[in-house]
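Place chains B, C and D on chain A using the hints.
Given next are the chains, with one letter for each unit.
There are 4 protein chains.
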Amino acid sequence: MLRIAMLGTGLIGRFYTEALHEKRSRDRVHCVYSRSADRAGEFAAQFQIPHHTASLQEAVSRDDIDAVVIGLPNHLHEECVSAAAAAGKAVLCTKPLGRNAAEALRMLQAVEQAGVFHAYLEDLVYTPKTLKALRSVHSGAIGDVLWVRSRETHPGPHSDWFWNKELSGGGAIIDMGCHCIEIARNFIGKDVRPVEVTCWADTQVHPIEAEDHAVGMVRYENGAIGQFEVSWAFRGGMDLRDEVAGTDGTIWLNHWLRTGFEMFTAGGQTGYVAEKAESESGWLFPVGDEPSALGYTDMFSDVLNAIDDQRTPKEDFYDGYVVNAIIDAAYKSARSKIWEPIDLPVWRGHENVPRVGAVREFDAEHLLIKEEKMPDGSRKVILRHKTTGTVTQKTVE
Amino acid sequence: MLRIAMLGTGLIGRFYTEALHEKRSRDRVHCVYSRSADRAGEFAAQFQIPHHTASLQEAVSRDDIDAVVIGLPNHLHEECVSAAAAAGKAVLCTKPLGRNAAEALRMLQAVEQAGVFHAYLEDLVYTPKTLKALRSVHSGAIGDVLWVRSRETHPGPHSDWFWNKELSGGGAIIDMGCHCIEIARNFIGKDVRPVEVTCWADTQVHPIEAEDHAVGMVRYENGAIGQFEVSWAFRGGMDLRDEVAGTDGTIWLNHWLRTGFEMFTAGGQTGYVAEKAESESGWLFPVGDEPSALGYTDMFSDVLNAIDDQRTPKEDFYDGYVVNAIIDAAYKSARSKIWEPIDLPVWRGHENVPRVGAVREFDAEHLLIKEEKMPDGSRKVILRHKTTGTVTQKTVE
Amino acid sequence: MLRIAMLGTGLIGRFYTEALHEKRSRDRVHCVYSRSADRAGEFAAQFQIPHHTASLQEAVSRDDIDAVVIGLPNHLHEECVSAAAAAGKAVLCTKPLGRNAAEALRMLQAVEQAGVFHAYLEDLVYTPKTLKALRSVHSGAIGDVLWVRSRETHPGPHSDWFWNKELSGGGAIIDMGCHCIEIARNFIGKDVRPVEVTCWADTQVHPIEAEDHAVGMVRYENGAIGQFEVSWAFRGGMDLRDEVAGTDGTIWLNHWLRTGFEMFTAGGQTGYVAEKAESESGWLFPVGDEPSALGYTDMFSDVLNAIDDQRTPKEDFYDGYVVNAIIDAAYKSARSKIWEPIDLPVWRGHENVPRVGAVREFDAEHLLIKEEKMPDGSRKVILRHKTTGTVTQKTVE
Amino acid sequence: MLRIAMLGTGLIGRFYTEALHEKRSRDRVHCVYSRSADRAGEFAAQFQIPHHTASLQEAVSRDDIDAVVIGLPNHLHEECVSAAAAAGKAVLCTKPLGRNAAEALRMLQAVEQAGVFHAYLEDLVYTPKTLKALRSVHSGAIGDVLWVRSRETHPGPHSDWFWNKELSGGGAIIDMGCHCIEIARNFIGKDVRPVEVTCWADTQVHPIEAEDHAVGMVRYENGAIGQFEVSWAFRGGMDLRDEVAGTDGTIWLNHWLRTGFEMFTAGGQTGYVAEKAESESGWLFPVGDEPSALGYTDMFSDVLNAIDDQRTPKEDFYDGYVVNAIIDAAYKSARSKIWEPIDLPVWRGHENVPRVGAVREFDAEHLLIKEEKMPDGSRKVILRHKTTGTVTQKTVE
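Residue numbers (the working numbering), protein chains in the order written: chain A, 19 to 415; chain B, 19 to 415; chain C, 19 to 415; chain D, 19 to 415.
Computed list of lysine-lysine pairs in BS3-like fashion (alpha-carbon distance at most 30 Å, straight line):
| id | chain 1 | residue 1 | chain 2 | residue 2 |
| --- | --- | --- | --- | --- |
| 1 | C | K183 | B | K412 |
| 2 | B | K355 | C | K350 |
| 3 | D | K391 | A | K294 |
| 4 | D | K208 | D | K350 |
| 5 | B | K350 | C | K350 |
| 6 | B | K350 | C | K404 |
| 7 | B | K391 | C | K294 |
| 8 | A | K183 | D | K404 |
| 9 | C | K391 | B | K183 |
| 10 | B | K355 | C | K183 |
Facing chain A, a subset of chain B residues (Cβ under 7 Å, in silico):
| id | residue |
| --- | --- |
| 11 | K41 |
| 12 | P146 |
| 13 | T268 |
| 14 | N272 |
| 15 | T277 |
| 16 | E280 |
| 17 | A284 |
| 18 | G306 |
To be clear, the hints were calculated from the coordinates, so they are not data collected in a lab.
We put the CB at the ideal spot given by N, CA and C, even for glycine.
So that you can see chain A by itself, here it is in the shape it has in the complex (with noise of 0.2 Å):
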């Protein structure tokens, strides 16, 4: 059993207190701490958290104390690791670690030197889906990966820091792009090195300073590309989506609006469809388990294993920091409208990762292009002779 100590009472720490009390676990919230004494003190009541306070120093330093989950805005997270590091805790931090790679990596800096466990809790690499579709594409069932697009758009969060520039570090490439580089990351290989951005992002529409829409590219070493798409303006619900192309397959995630999960209601009052859904009658597409589709569950159950074990959870701040390292290329390159590179002076995947992508050979004198059933029946393929180059078709049965 862990006994946890939960910094912040708004909705990320209400998830996340849910989905560690969930089912029959074995683990507790066992303080939780609130920079107002009185939010402390009924989030404690609601979730038969023992202790509670609105002292940070308290909170993370405790005997008590096992591990530390940081779930406040993310200005506050430098301070948060920094007094849980130097108390010896294990530090888990919500997403994203640093406003910016500077603040990252001082963070990691912070950790690392402590000697403490660390996770960074990117819930999004842990949906059930996404932790299957990992292994079938680390099983080679769709080849190498070319290309990735992974999306997070919905009409706007929930609480006011986030549309504070200061507070959040940006808009909604910083609340949500950072969930969809370490998706893309994941799926390309963590240890491929993420080269250069480019980026569009703009305010179109609400009256704020930072981006509500934007979409970005991220060229890895191999040639890979993981596209980000973000908003604060798409209506509809929340749409959470990845779409993995490979040279010999393809996956597409769904993990919110269409999930199997399909109700039509004439109207009256329905209650609580799913996170940032947006209308209560008509065709409505509820989430079945919301924690488990959102990673939360199985997230936890690898972070808190890995407490345990004394190994290195799937996330910790080193992928923080580079998530945060890429962001901030993607915000120069909006400014920029030019690639810009990603700064790394701290990389620790491999150097000269191989091209993506493989060429058919289909006899001794040509390359195959491609080769296509017709519809007639019959076979055709398309040939680039090795020394020529000169590009021909034939029909072989």
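Just chains B, C and D now, kept in the frame of chain A:
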């Protein structure tokens, strides 16, 4: 922490053990029983279970056991229930409870007379989608439930005993109809008496005595219909869907083949895709978290919490008995070719439940049959005169 | 170019006329008949039809008319068929042909005795999806057809006469079951005799005499089942789906609510969405080309080509008569609560069609019941001994 | 009746001819031209075309020809357009219009100077789904269009010339990006000036000079983005999807792989499934009516009606020229790695179109950033003070 004796080491024993141990569970299978000492030993080793035995008596009566889970073929349920009840243990029995209602009733009486906790392991009413859908229905989101279609079809079960009518009690109906019937009962209301059944059953494909395909309709006292569709001859994987039609809404659940995970693979070894999947290349539809999607996770959570809380679980042996009584009538109808009454000498639900449906008044003289928006934008109403019964239509703006 | 007399100016007359005139058609509605001269005149003006009349006799007997399309309420079909046949015109009658088999048989005899071309306008067997699915089935793609589920449900028809049992001949079964029955018959084989029916029918919601919800099963001589599901109480739009289960495959068709067009709209005036849609905001599921999706386009193409080519169309009055005979038995079964034989004194299909399904041999002594890949990667077979009937299993690599 | 000269006997010539002749069409291909007299003869025989020739001049200048359809490789378009324009015929040219904007502009000038009718055969803006979606957008159903993602990917084209950059003008962008760009332009508004492009393009898989995978973003003057995704390396068939995000709604169109037709087949010869399908067994997703789903049917209907009515078709050479100009900028950006301006010396749309998006006032002092329903049922608003810019939140009941 609850210590569990697992009876059975087949596919269901395996799934149950995985579900009980999964994530950060505080419960453990503490002893495993198999009719074969070897299989018991191998199973114990695989799942790190401290004790194993080929003695049923020992398994159910150990002092260090809190609860017995029966995961053995149908013809062994009664013997196991009797032994576990006599030993004073909580008894959790897989579906179907008995091979027929008489057997089920004796099991119900055994646990009730022994005064032990009993749970009927009907996992499919515990899928996260089903639980959420039931909450929506109970909150009135779709009005009165008029009709439920529950369907489970696949290419046939994995063990020999299922195909032997003496051991299993029948074919696809007893194997899977038990799920469908109880799903419909949950949506329609477990307090509403099931009155009669009509059923088609045939052995269309396999060289067996029992039915490999069947469709039946159960009429409830309030006029609602629970339709079950089962087949061991379905091609394409496992089709697990529910449809619920209400006076004010509709619910469609797809638990297996279309859950938002789509994968194309050009081939090669892709490994295990999903329970009862039929292909390993082309378009595949894996399920992210199979134990959760099948309800095992939430089922054991509810049942073990019920033991801790000394309350009745969502499904107990009485429910298993009702399901067996409905199945008995279905088999009778398949032979007699008439609607057969459901024989339920022990009925603990309501009597004289009112009819589904409610007529709306249009004005003092007319009842509203229908209101529709036409292609040209106008609204048409169809009315019935209260006294003359004449049907008329008119356009309202 | 064919010149057509359109009888009827209601929704079906409108849809038919649009389908006949659509795109670059060479055919034209040349005269329109309505019981109301005003409606005939308005309709003619709207669709640029040169002639209109309130005289049935004039409409069917004009010299400049090649074919008569009957789009009037069910109780008027026989009179129109008689008149058109007497005038020697090609007769195209909407579904259902008659209100019962006796009426349908008289209509069949009328056109056959007059020697005129006759087509049964069963549009739903002509949807592009259905046509392609039928070609796949006929090419053997799914083996023997074992079971067909055809479903049409919506919140109820748009005109008063549908709700009047005397005029229409019944309720949801005669209105929509006629589609479902003929769809199943096409998949199972129109030469296979439908033998008997069981049917549940009830008036669950509306203040009418006729059934507003029904499910029936038609057993064919070869053991195949055609299941129809119809409702005037469905909420959420129009649900139009077919499922076909074969020994070697499966086909699922969704014609209306999920065709790859999804729209969320926060509200406002969005205009006509789709036939029988129930909402104008939230998630909507429009159909791209409604006349095509409903089969009108391909139906008229086949029927008018058949007139030109002097051949029989895909569906003629004989098919309409068979459908009515099945419906008669369904109504009888709904009352008698037993399987009712289908009375088909005129049967033009095959006799003694062999049973569906084919048993596979495993080795000299055993029949193969089942073969499955297990989670651990092994393959298990379930076998039946040819002489003893014993069921065994073994693992093969 | 229009008599058409078809230039080209490849796949596109075949599809066009089928679409022109389909159903009860009053138009006919009257003469077919191929560079090979044999292919012209075979084609004429197959489609019952009265005349065939290997002389381009003859084909375009016959007296009995009303219109010329150009279905030849890209490098031949200009020559054909010049010849047909000189002959005074209506000219219908397949996509892309030119290999680059200079070529396209010369073709535009040729037809305009000759005063002949011209249509750009961009079929994908004519799919029934697209047409209906455009009507919804124009009626305001989704508010201002913010972003369009149009995607066409498949395993590569069927003829050798596509793979030859000299003949085609490029790779996947010129081949399919032309569709995606014009689809987005239709949704965003053809009168809104496309300003600049960023584009990633790579040759990831095939041994060719041109790109086989690319993603680009086109920024329009009003701030809307048209995103195109094209690949010749996609596995799983042909993925043809559009997504449109608006301030008040969302539209998702799936034209090919998920249209409500699903088939599982255990194998055997199932015949032609769909254009660019990759497998013949397992789960397949055929398209009911391919020419209609690809827009050919409605495209020719509009274009030929436009000839009859002496009006401009939905898409003409000017549109083809704009698309080429955008593609030119995309290729430039793929090389330069910066956003490239779109060079449009001839611009016939609006100037100074207002920005998308509209800010909503909450009260006299605040603008509304967001309104959300929370899990506990409350409603939270996020506000921005008009003068201070401070972001706050509060709960409203």
